[in-house]
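A.B. asks: As given, the protein sequences belong to chains A and B, one line each in that order.
Add 26 to a position in the first sequence, counting from 1, and you land on the number used in our numbering.
Add 37 to a position in the second sequence, counting from 1, and you land on the number used in our numbering.
The set of hints was computed from the structure by calculation and includes no laboratory data.
Possibly wrong hints are sitting among the right ones.
[As the list claims (entries may be wrong)] Subject to a maximum C-alpha distance of 27 Å in a straight line, what follows is the list of computed DSS-like cross-link-like pairs (lysine-lysine):
| hint | chain 1 | residue 1 | chain 2 | residue 2 |
| --- | --- | --- | --- | --- |
| 1 | A | Lys52 | B | Lys94 |
| 2 | A | Lys34 | B | Lys173 |
| 3 | A | Lys52 | B | Lys173 |
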Amino acid sequence: MERELISKKDLLDQTGISYGQLYRWKRKQLIPEEWFIRKSTFTGQETFFPKDLILARIDKILNMKDDLSLDQVAGKLSPSLPDYEMRKCDLMKRNIVSNVVLQRFAGQDPDPTVYAFEMILYLYVIDSLLQAGDMSLEEGERLLAAMRDHFPNFEGKPCELIFLRKMGVSSFALVSVPSQVYFDSGVKIVARLSMTEAIERLKSKLI
Amino acid sequence: MDNQPYGDLNMSGVGSAGGGRYRRVKLEGVGKVNGNVSADDFRLNGVSTVRGSVETKSFFANGKLKVEGDVSADQAEMDGLIDVGGSLTGHEAVLNGYLKIGGDCEFERLRAAGGFEVGGMLNAGFVDIALYGQGKAREIGCESIRVRKIPKSRWKEALRNLFPRWRPELLTGTIEGDDLDLEHTVASAVRGNRVTIGPGCRIERVEYRTEYRKHPGAKVGKEWRTGE
């Protein structure tokens, strides 16, 4: 699966930002190093970016920088997991994770149970896959186990979740980013989502 | 940094020390530090090697320093010969002498007089370069950059022709930024908003957005106006 790329020049034209801004944001780590993809073209070396990621990110920075300083923006965007905890009943009340998911995966915990950010993230990811209609509840249970076992191994480095199915049998993979994965022809990739983005989305919902 | 009391590292003469967390590090003479160092204040006078990384608020090096890892310093002042194996990052840097960096170099402000070699990318907000010798970087990204050559005597000119390494020139792949004011620069591409190409430049491709000026003594392959 190839990601759609955008060249640096097109990006600047489209978003109206300047080279200086782009490099300043890179220095502040608002734009991760992995997104700068160097490729040789007929005009020499050019830099490309994953189109969907970079456009969303620039949009976000431009929106936030009016009322926050760049360092504050950097804090909000950094992929590291915040020390954020929340009670189960608050998750339900604020509709961050749907009731169905909470009942199924955390039904035995009493309402005041406090979840760490990781756990909220897992539930959130499962919830979004379920709501998209890609995944069944049984598969959700396996996904939860897989994330619990392996997600901490990335230690905050960016990673992606790939959900694939072959002949009706599903499986999950967590891969580091950027990476290239190829499958045989029978495999259908049901969903591929960036955990980093999920973290960001969740963070903006929580904070 | 927290308020826990840390010791100072003072070294004079010839010696070696282990790395670690210090309040002040002062190396005078010939020394070696084995391991990563973090300190509020790092000062060097003399010849030293750090076999690890340096993390400090203020970084002052006078003499010859080799750091095998990365250096991160809010304020960096470097006089002499500095060799950093990894990357050099911080807020503000002043260089007098020769700086060699294996990785990337990132500063908000960088003022350099002398020569340098950056293996990776030079990314800085404001760059002011006065070249005594050769400057080299794989690519440069900035908000504004100014490159000038130090005026010199005829004798030195003759010497420089013998040793090409001493020719005051900036060699780089691409330079991208908002305000570019270049002299004696050799690059394959220069892209910016306001671009001034001064004497002694050899540039294959210039892309500019609003303003472009070119000195008759500069060689430019293709000129492009973008963002119409």
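A.B. asks: All hints are to be evaluated individually against the structure, with a verdict given for each.
C.D. replies: Status of the hints after comparison with the structure:
no. : hint                 : verdict
1   : Lys52(A) / Lys94(B)  : holds, 21 Å
2   : Lys34(A) / Lys173(B) : holds, 23 Å
3   : Lys52(A) / Lys173(B) : holds, 21 Å
Hint compliance for this structure: every hint is met.
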